[in-house]
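Protein chains: 2
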Amino acid sequence: MPIDVEKVRGQELEPTTFEWNDKDVILYALGLGVGVGASPVDPGVLQYTYENQLKVIPTFGVVPTFSCIMGLIGMDGVEINPMMILHGEQNLEVLCDEVPTKCRATNTAKVTEVWDKGKGAVLVVETLTKDDAGKPIFRNEYKIFVRGEGGFGGESGPPPGNKPPDRAADFKVETPTLEHQAIIYRLSGDRNPLHIDPQMAAMVGFERPILHGLCTYGNVGRAVIEACCGNDPTKFKGLDARFASPVIPGETIVTEIWKESDTEVIVKANVKGRGIDVVKNAKATISV
Amino acid sequence: MPIDVEKVRGQELEPTTFEWNDKDVILYALGLGVGVGASPVDPGVLQYTYENQLKVIPTFGVVPTFSCIMGLIGMDGVEINPMMILHGEQNLEVLCDEVPTKCRATNTAKVTEVWDKGKGAVLVVETLTKDDAGKPIFRNEYKIFVRGEGGFGGESGPPPGNKPPDRAADFKVETPTLEHQAIIYRLSGDRNPLHIDPQMAAMVGFERPILHGLCTYGNVGRAVIEACCGNDPTKFKGLDARFASPVIPGETIVTEIWKESDTEVIVKANVKGRGIDVVKNAKATISV
Chain A
0 MPIDVEKVRG QELEPTTFEW NDKDVILYAL GLGVGVGASP VDPGVLQYTY ENQLKVIPTF
60 GVVPTFSCIM GLIGMDGVEI NPMMILHGEQ NLEVLCDEVP TKCRATNTAK VTEVWDKGKG
120 AVLVVETLTK DDAGKPIFRN EYKIFVRGEG GFGGESGPPP GNKPPDRAAD FKVETPTLEH
180 QAIIYRLSGD RNPLHIDPQM AAMVGFERPI LHGLCTYGNV GRAVIEACCG NDPTKFKGLD
240 ARFASPVIPG ETIVTEIWKE SDTEVIVKAN VKGRGIDVVK NAKATISV
Chain B
0 MPIDVEKVRG QELEPTTFEW NDKDVILYAL GLGVGVGASP VDPGVLQYTY ENQLKVIPTF
60 GVVPTFSCIM GLIGMDGVEI NPMMILHGEQ NLEVLCDEVP TKCRATNTAK VTEVWDKGKG
120 AVLVVETLTK DDAGKPIFRN EYKIFVRGEG GFGGESGPPP GNKPPDRAAD FKVETPTLEH
180 QAIIYRLSGD RNPLHIDPQM AAMVGFERPI LHGLCTYGNV GRAVIEACCG NDPTKFKGLD
240 ARFASPVIPG ETIVTEIWKE SDTEVIVKAN VKGRGIDVVK NAKATISV
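Here the protein sequences line up with chains A and B, keeping their order. Per numbering that gives the first Met the number 0, the very first residue in the first sequence carries number 0; after that it's consecutive. Per numbering that gives the first Met the number 0, the very first residue in the second sequence carries number 0; after that it's consecutive.
Please keep in mind that the hints were generated in silico from the structure rather than gathered at the bench. Every value quoted in this text rests on a predicted model; they were computed, and no experiment measured them. One thing to keep in mind: the hints can contain errors.
Unchecked claim - Label pairs and their in silico Cβ distance ranges:
1) A:Asn230 x B:Pro14: 29 to 35 Å
2) B:Ser38 x A:Gly152: 44 to 50 Å
3) A:Asp131 x B:Thr16: 40 to 46 Å
4) B:Lys101 x A:Thr16: 52 to 58 Å
5) A:Arg146 x B:Pro175: 35 to 41 Å
6) A:Met69 x B:Thr16: 46 to 52 Å
7) A:Asp231 x B:Glu154: 53 to 59 Å
8) B:Gly274 x A:Ile275: 40 to 46 Å
9) A:Lys162 x B:Ser38: 51 to 57 Å
Said to hold, decoys possible - Under the rule of at most 27 Å between Cα atoms (straight-line distance), these lysine-lysine pairs were calculated in the BS3-like manner:
10) B:Lys22 x A:Lys129
11) A:Lys54 x B:Lys22
12) A:Lys101 x B:Lys129
13) A:Lys22 x B:Lys129
14) B:Lys116 x A:Lys22
15) A:Lys22 x B:Lys101
16) B:Lys171 x A:Lys22
Glycine included, each C-beta is placed from N, C-alpha and C at the ideal position.
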């Protein structure tokens with residue numbers, strides 16, 4: 000069997016190190032689409048793009064772990080076709096007060112669960128990113144869906160939560176993207192050809208290259224910061240989200256937010272025009 | 000006197016090394032505006048942004064020399080205010096058949112002339128970029144205008160050449176830019192705050208941050224490659240251009256091209272709507 004559940008569950012991935020500086024932080028922001036549809040001298044743009052007043056969009060916390068997660072392919076007990084992988088869910092927790100604009104960090108990672116979804120398997124991978132002094136910066140939980148690898152008689156995992164309440168959203172934020180947004184985003188590390196190569200996209204059934212799930216994720220985070228954190232990214236402490244459908248670069252992401260408490264909001268996102276949900280069952284955490 | 004002409008003329012700058020790879024090459028292309036106003040799956044976009052079929056826009060040749068040129072400020076015999084510096088002219092020659100997408104290079108540089116323009120001085124700096132094997136890749140000539148430093152009784156240098164012939168241009172290429180184009184371009188190395196900081200821009204008399212002259216320059220080069228090289232950047236061998244007026248990010252650069260011979264074209268660029276010339280007295284060299 001291509002996924003040997005007993006071998007894989009609990010297995011640690013190879014630790015990786017990752018260094019970032021202001022250039023990486025700015026490139027990540029530009030990759031999400033900061034500056035698109037906004038004035039380039041808007042303080043909300045400059046705080047993410049100008050090194051003299053730079054703040055990190057905290058969803059950057061997924062970036063350092065990327066090389067680590069790549070270790071899934073080819074780990075002992077995993078023989079899967081990378082083209083069959085879909086990013087199912089992401090849960091980032093920011094563990095520090097303010098994300099540093101420059102850091103050298105180490106990632107450790109472990110497969111915590113393997114779930115059987117029938118049509119596929121879900122690998123749950125937890126990563127922890129610490130700076131060189133050992134201070135925890137980010138915790139991530141990836142849920143990686145591997146098509147065709149289910150049906151092994153395992154547990155299917157908990158059902159999706161974070162359903163929006165039965166009322167209109169308290170906030171609605173529109174975030175435009177560029178038609179070549181994925182080409183910019185991929186410079187932050189995820190060079191999967193699905194996001195740039197029309198032939199590769201067609202091979203897996205897409206009419207054209209799709210936006211990275213984590214690019215959409217960062218924009219949902221940015222919308223929460225704008226609507227619920229007074230545009231102060233240091234107040235954003237986490238986002239647990241499920242990828243329901245891909246965004247096509249150039250589309251406008253519409254994030255709807257329901258305030259549940261001072262520190263928790265339920266989130267859902269769709270794309271303008273198509274009206275399809277792209278992020279569901281999502282919850283963001285905020286510090287007061 | 001802030002520029003000691005006798006000391007400065009002929010003086011060599013500190014050599015610098017610069018490494019680049021496909022990420023730098025793609026980031027440069029995105030900084031110029033590749034992908035803006037075009038389909039993201041256009042082969043003309045992908046050849047500059049997708050590592051699997053990557054070609055270098057040859058005007059990238061200015062990028063490796065940037066740190067070297069910064070050595071002008073504070074060199075023996077030069078005491079100038081960096082805010083008084085304007086980029087006057089740029090002459091790049093591509094010395095290799097095809098610009099490598101990955102390279103470790105060394106730059107040497109020398110001030111070859113100091114001209115007296117009355118209202119300012121012009122420092123002419125020649126740089127040579129060679130790869131680690133000693134193979135020449137780029138030659139650049141910078142003409143740096145230093146406001147307020149003229150009137151020392153020196154030669155004023157040759158008058159501008161490369162006047163367009165008295166007929167309509169043979170080619171006209173429109174190149175749109177993003178309103179935050181300069182914010183992307185500056186990640187290629189030139190972080191002068193004039194291109195992002197509204198207060199710094201105002202201090203030197205601009206209503207808002209302006210586009211880097213070398214960003215405009217790269218777009219003029221790109222227009223020549225499109226119109227005269229069948230979109231094959233390896234045929235582009237050089238561009239000698241004068242910066243007449245700055246482009247505001249978001250403007251569309253209109254490059255007009257007159258074919259003089261199989262290997263030489265005269266070039267001029269203005270911005271759509273304002274009709275102001277931004278690049279003048281320019282000539283590009285093409286291989287057949």
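Tested hints:
| no. | hint | in the structure |
| --- | --- | --- |
| 1 | A:Asn230 x B:Pro14: 29 to 35 Å | violated, 45 Å |
| 2 | B:Ser38 x A:Gly152: 44 to 50 Å | holds, 46 Å |
| 3 | A:Asp131 x B:Thr16: 40 to 46 Å | violated, 26 Å |
| 4 | B:Lys101 x A:Thr16: 52 to 58 Å | violated, 22 Å |
| 5 | A:Arg146 x B:Pro175: 35 to 41 Å | holds, 39 Å |
| 6 | A:Met69 x B:Thr16: 46 to 52 Å | violated, 30 Å |
| 7 | A:Asp231 x B:Glu154: 53 to 59 Å | holds, 57 Å |
| 8 | B:Gly274 x A:Ile275: 40 to 46 Å | holds, 44 Å |
| 9 | A:Lys162 x B:Ser38: 51 to 57 Å | violated, 38 Å |
| 10 | B:Lys22 x A:Lys129 | holds, 26 Å |
| 11 | A:Lys54 x B:Lys22 | holds, 23 Å |
| 12 | A:Lys101 x B:Lys129 | violated, 31 Å |
| 13 | A:Lys22 x B:Lys129 | holds, 26 Å |
| 14 | B:Lys116 x A:Lys22 | violated, 37 Å |
| 15 | A:Lys22 x B:Lys101 | holds, 19 Å |
| 16 | B:Lys171 x A:Lys22 | violated, 35 Å |
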